[in-house]
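A.B. asks: For this one, chain W is given, so just place chain G on it according to the hints.
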Amino acid sequence: MNYRDDPAALGALVRDAEVHRDVYTDPDVFTLEMERLFAHTWIYVGHDSQVPKVGDYFGTTIGAQPVLMVRHDDATVHVLYNRCPHKGTRITTETCGNTGRFFRCPYHAWSFRTDGSPAALPLPSGYQNEAFATSQAAQGLTLVRHVHNYRGFVFAKMSDAGPGFADYFGDSLSSIDNMVDRSPAGRLEVAGGVLRYMHNCNWKMLVENQTDTCHPMVAHMSSAGTAIDLWKQAGEQNPKPMAVEIYAPFMSPYEFYEKMGIRTWDNGHGHTGVHHSIHSNYSAVPGYFDQMVAAYGEARAKAILDENRHNTIYFPNLMVKGPIQLLRLFKPLAVDRTLVESWTFRLVDAPDFMLERTLVYNRLINAPTSVVGHDDVEMYERAQEGLRSDGNKWVSLHRLFEPGEAALSVDNGTTERQMRNQYRAWARYMAVSP
Amino acid sequence: MITRDELIAFVYHEARLLDEQRFDEWLDLFAPDGRYWMPLEYAQTDRRLTASLMDDDLFLLRLRVERLKGNRTYSQKPRSRCHHLLQQPQVDAFDAESGHYRVWTAMHYVETRQDQQDLYAAWATHDLTTVDGALRIRMKRVDLVNCDAAFGSIQLFL
Chain W
1 MNYRDDPAAL
11 GALVRDAEVH
21 RDVYTDPDVF
31 TLEMERLFAH
41 TWIYVGHDSQ
51 VPKVGDYFGT
61 TIGAQPVLMV
71 RHDDATVHVL
81 YNRCPHKGTR
91 ITTETCGNTG
101 RFFRCPYHAW
111 SFRTDGSPAA
121 LPLPSGYQNE
131 AFATSQAAQG
141 LTLVRHVHNY
151 RGFVFAKMSD
161 AGPGFADYFG
171 DSLSSIDNMV
181 DRSPAGRLEV
191 AGGVLRYMHN
201 CNWKMLVENQ
211 TDTCHPMVAH
221 MSSAGTAIDL
231 WKQAGEQNPK
241 PMAVEIYAPF
251 MSPYEFYEKM
261 GIRTWDNGHG
271 HTGVHHSIHS
281 NYSAVPGYFD
291 QMVAAYGEAR
301 AKAILDENRH
311 NTIYFPNLMV
321 KGPIQLLRLF
331 KPLAVDRTLV
341 ESWTFRLVDA
351 PDFMLERTLV
361 YNRLINAPTS
371 VVGHDDVEMY
381 ERAQEGLRSD
391 GNKWVSLHRL
401 FEPGEAALSV
411 DNGTTERQMR
421 NQYRAWARYM
431 AVSP
Chain G
435 MITRDELIAF
445 VYHEARLLDE
455 QRFDEWLDLF
465 APDGRYWMPL
475 EYAQTDRRLT
485 ASLMDDDLFL
495 LRLRVERLKG
505 NRTYSQKPRS
515 RCHHLLQQPQ
525 VDAFDAESGH
535 YRVWTAMHYV
545 ETRQDQQDLY
555 AAWATHDLTT
565 VDGALRIRMK
575 RVDLVNCDAA
585 FGSIQLFL
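As given, the protein sequences belong to chains W and G, one line each in that order. For the first sequence, the residue numbers in the numbering used here are 1 to 434. For the second sequence, the residue numbers in the numbering used here are 435 to 592.
Just chain W, with the same shape it has in the complex (with noise of 0.2 Å):
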């Protein structure tokens, strides 16, 4: 199938409550994600704070596009691509690091202000020509012109074309709010490391998942179910263990899910956990209730941390955990290869208590040796090969599905809507040619 030149068969792909197995396995569907998808969409790019000061930069993918964040000499963050415009050499020398006022290529010694404008290049009279003067070269290295940075997290988009950064994400930017409104400070800063995760499947399964509540109690019974029962059995000591903690509310009924409730927005938004969540019986960390409302104000400070948001995608690839302080990013690498970076957040001026504890959610449930990580790609990757099939080419997403739906809703927590929501918004925005 020629899905390039063919927008019918494209938009074929996705039906009100199904897909076509070709968006998880065909890899010149993917390459049009790169182009289309990945360029009129708003990606997220990192946070500001990791590069906190002037010169400071890090390295990292839009889709499939290297590109750098740097903070300028004006304390704004510029996203540039990631290439020195001579040869292509990758001008950032560590994943990230400071570069002072210069990037200074290390092949040739161009160099590069951190807007991305020329500076300087060796022997120059040997460009005094006019066919240099008019290239892409001499204009330096290439600006990503839509960044925007909202209370930290910088997105960028790529593409001329597409929506505004507000109206893309609309009303979804409360998810960001709360984590950001949960430190005292009104700030938040990267900390404690990423966990990077190899999957052998589609990026999309990875970001389906996560508003997937029919799977917990199914799928992590041998590693949520198993620390259950070793609890009970050590006579379910006082207080409870944090893994306990964290891991017990997995195997939560699917009443606990129904009852949570998932909220979806336009363009693909959406989330999990509208009334409560597997984060919402963590114990009081001693200290923290005060601070909030010294800073807030006690009505202000409750309402912020009664939010226990559970999972909420900023379509195509970034999921947020507010009431954790944590981000996954869904890094499509192949149609059948990903790579998801598990971020943590510290919230200023919070006991440090915060961030110890969402090290260890991030290290039980998001890194390579997790039991539960090993349940969840174990799934994907049986999809990956199972989709080989030719048995039956559709992937069911009928739960709960009622014909017309719209795009903002609140429903019943273990519905696929967010879901078939994403789809909708795949296929508006993979029917676009660039």
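Because the hints were derived from the structure by calculation, they are not lab data.
Below, simulated SDA-like cross-link-like pairs (lysine to any residue); rule was C-alpha separation at most 20 Å, straight line:
1. W:87 <-> W:104
2. G:511 <-> W:382
3. W:240 <-> G:493
4. W:240 <-> G:482
5. W:232 <-> G:491
6. G:511 <-> W:225
7. W:240 <-> G:469
8. G:503 <-> W:233
9. G:511 <-> W:383
10. G:503 <-> W:251
Quick caveat: nothing in here was measured; it's all calculated off a predicted structure.
C.D. replies: Chain G alone, transformed into the frame defined by chain W:
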């Protein structure tokens, strides 16, 4: 009285229990407050406010071992296998009076499942003590050479 040879034999024996998947016997090698730590960072010193790949007490180690036996542990259907290749362990600390011993071992570790075979290179540091006269692990620290790389699932124990 513990000898240096016993310390070295202990490390070899531990690796053999893992290779032969005698996990319950392996757990018995840990002191009641024993831990298994796999840092995320090169030369990491902090376990509290810096993430780790593993930082298990006996409860979490037992959880892994019990999970491996589970009927609904689908990531172990079929099972993984592992193979440790150890360099001669080196005794770095030997304090019979306080009962603290440290052994350092370079190793290659292979974990396989179905058609997949993954090779890891690491250094293990065993902090050992005696409990009722028998050597026991207080801390097994495993430093992967490429601790900060992206990995697929590591389901057994280095």
